[in-house]
Amino acid sequence: MSEIFEVTLLSLQVSGIATVISLLIGLPFGSWIALGKFPGRSFLLSIVNTGMALPPVVVGLMVAMMLWRSGPLGALRLIYTPWAIVIAQTIIATPVVIGLTSAALQSLDPRLQLQLYGLGATRIQMVLMLWREARLPLLAALMAGFGSVISEVGASMMVGGNIRGQTRVLTTAIVLETNKGQFDNAVSLAVLLLLITFLINWALTWIQQKGARK
Amino acid sequence: MSALIEVRDLQVKRRGQIALEVESLKVEKGDVLAVVGPNGTGKSTLLLALARLIRLERGQILFDGKQAQAESDAVYRRRLALVLQDPLLFDMSVFDNVASGLRFRGVGKEEIHTRVHLWLERLRVGHLLKRPALELSGGEAQRVSLARALALEPQLLLLDEPFSALDPPTRVRLLEDLGSLLHETGTTTVFVTHNLAEADKLANNMAVILNSKIQQVGPPAHIRSSPANDEVAVFLSM
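Line order of the protein sequences matches chains A and B.
Residue numbers are given in the working numbering: position 130 of the first sequence equals residue 130, and the series is strictly consecutive.
Quick note: to get the working numbering, add 214 to the position in the second sequence (first position is 1).
Rather than coming from a laboratory, the hints here were simulated on the basis of the structure.
We treat Cβ as the ideally placed atom computed from N, Cα and C, and that holds for glycine.
Some clues are possibly wrong.
Lysine-lysine pairs mimicking BS3-like chemistry, simulated, CA-CA at most 25 angstroms apart [stated by the list, open to error]:
no.	chain 1	residue 1	chain 2	residue 2
1	B	Lys243	B	Lys415
2	B	Lys240	B	Lys227
3	B	Lys323	B	Lys344
4	B	Lys227	A	Lys37
5	B	Lys243	B	Lys280
6	B	Lys344	A	Lys210
Over the 10 angstroms line for every Cβ pair with chain B, so calculated as not near, a few chain A residues [what the hints assert, rightly or not]:
no.	residue
7	Gly36
8	Gly51
9	Met52
10	Met65
11	Leu73
12	Val127
13	Ser151
14	Gly181
15	Leu193
16	Asn201
17	Gln208
18	Gln209
Bound-form chain A, shown alone (with noise of 0.2 angstroms):
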C-alpha cells in the first residue's frame, strides 16, 4: 500500500512540476506568438503545433540522449532520476500550453488590445487583462498541458527507468505489472491514475466553469 501511496505521490509531484513549468515558459511564449507581429510568425506556429503532437518516446530518446552518462548533459548526472522524467515532460507539455495560450489569445476580439492600451495599460498590464478574458480557454490549455503528461508513459520509461522507490511513476508501474502478468496491480494502478486524473480535471473544470456562470 505504501508503495502505491509513494508511486501515485511522484507521479503527482513530477507531472506537477512539469506542468507548472511549461505554463511558465508556454503563457508568455504562446502569448508573444499570439500578440507579435513579426517574419516567421506563421512559421513559428506551425512548428508549436506539430509539438504538440510530438511522440513522447521521441522526446524520451531525446532527453535520453542529452542526459546520457556520455552525453552532453551526462556530467549533471540526471538521467534515471525524478527530474529526467520532469525534463521530458515539461518537453511535452510546452508546445500543447503554447498553441492553446496562442490560439485562446488570438480567439479574442483584436480591438480588446486597442482599448486597453487606450485605457492606459502598459504592455504587462494588456497581457495579464487579456489572459484574464480568455480564462477559461486557458484553463483548458493547463487542463490538456497536466494531461498529456500524467498519462504518458514512453518518455517517463525511457528517461527515469522505471526503478522501484525511485523513479517508478504510475503508468510505468501498470506497465511493469502488466509484463509480470499482474493484471489485477496494472487494473487497480490503472483505475487509480483514471481516478486522479478525473479529480484533477473535474476540479478544474469546476473553476473553469464557475468563471463561465459569473
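Please build the complex by placing chain B on the supplied structure of chain A, with the hints as guidance.
The following block gives chain B in isolation, referenced to the frame of chain A:
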C-alpha cells in the same frame, strides 16, 4: 486658449498606401472636435494616431506644446482615454470595468470607489454597478464604456463613433447626456462620426476628411456656409 493637441505634417501608411495625411491640425483646450467624412477615409486612423496606437510614417504630434514622441507610449496614453464604436467591456462586473483604467494608473482604492460611483451615476447607470458587464444592453454598455473613459478624467477624450451601433432613441438620449457632461467638465474631445447631426449636436469645431486628407477645419456652421471646395460641399449635402 492654447492648443492641447497640435499635429504637424503627419502621414500614416497602411499596406504601402497612404491612409491619412494631415498638414496641420490644432485642437484647443476644451474643444470638442468632430472628425467627419465617409467610411474608409482615415477618420479612425487619425484617432489611433492621436492615441499613438498606430505607427506614423512621418510627422509630429505635440501634446500641450511638448513632443509626444519623447515620452513612453504608456505615459503619453495616460493623459487620454479612448472609447471605440463597440463598448468592448471586459468580462467582469460593471464596477471593475470602470475601475480598470484607474487600476492601471495605480489609483488608490478609495479614490477608485469614489470615481466609479460618481461617473456611473453621471452616466445614469449607477444601478448597474454590480451587474456582469457582458449582460448589459447596447445602450447600457456604451454608457459604462463612456463612464470607464471619463472616470480617468482625461485631458483628451477620443471617441470613435460611439453611438453608431445604438438604436435612434438610445442614441439621442446618450448624445444629450454626453453633450452636457463634456460641456460641464470642459474635457477636450476628438469625436469621429459619419453622422453630421451628431457633429452639430456635440462639437464646436469640425474637421472634414475626404480622400485621406483633412479638407477643412472650422465651426460646423461656418463649414456648412462656406465649404472649402466642391468635394466638401458635396459631402455636406449628402
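Consistency of the hints with the structure:
no.: 1; hint: Lys243(B) <-> Lys415(B); result: holds, 19 angstroms
no.: 2; hint: Lys240(B) <-> Lys227(B); result: holds, 21 angstroms
no.: 3; hint: Lys323(B) <-> Lys344(B); result: holds, 17 angstroms
no.: 4; hint: Lys227(B) <-> Lys37(A); result: holds, 17 angstroms
no.: 5; hint: Lys243(B) <-> Lys280(B); result: holds, 14 angstroms
no.: 6; hint: Lys344(B) <-> Lys210(A); result: holds, 17 angstroms
no.: 7; hint: Gly36; result: holds, 15 angstroms
no.: 8; hint: Gly51; result: holds, 30 angstroms
no.: 9; hint: Met52; result: holds, 26 angstroms
no.: 10; hint: Met65; result: holds, 46 angstroms
no.: 11; hint: Leu73; result: holds, 41 angstroms
no.: 12; hint: Val127; result: holds, 12 angstroms
no.: 13; hint: Ser151; result: holds, 31 angstroms
no.: 14; hint: Gly181; result: holds, 54 angstroms
no.: 15; hint: Leu193; result: holds, 35 angstroms
no.: 16; hint: Asn201; result: holds, 23 angstroms
no.: 17; hint: Gln208; result: holds, 13 angstroms
no.: 18; hint: Gln209; result: holds, 14 angstroms
Violated hints for the displayed structure: none, as all numbered hints are satisfied.
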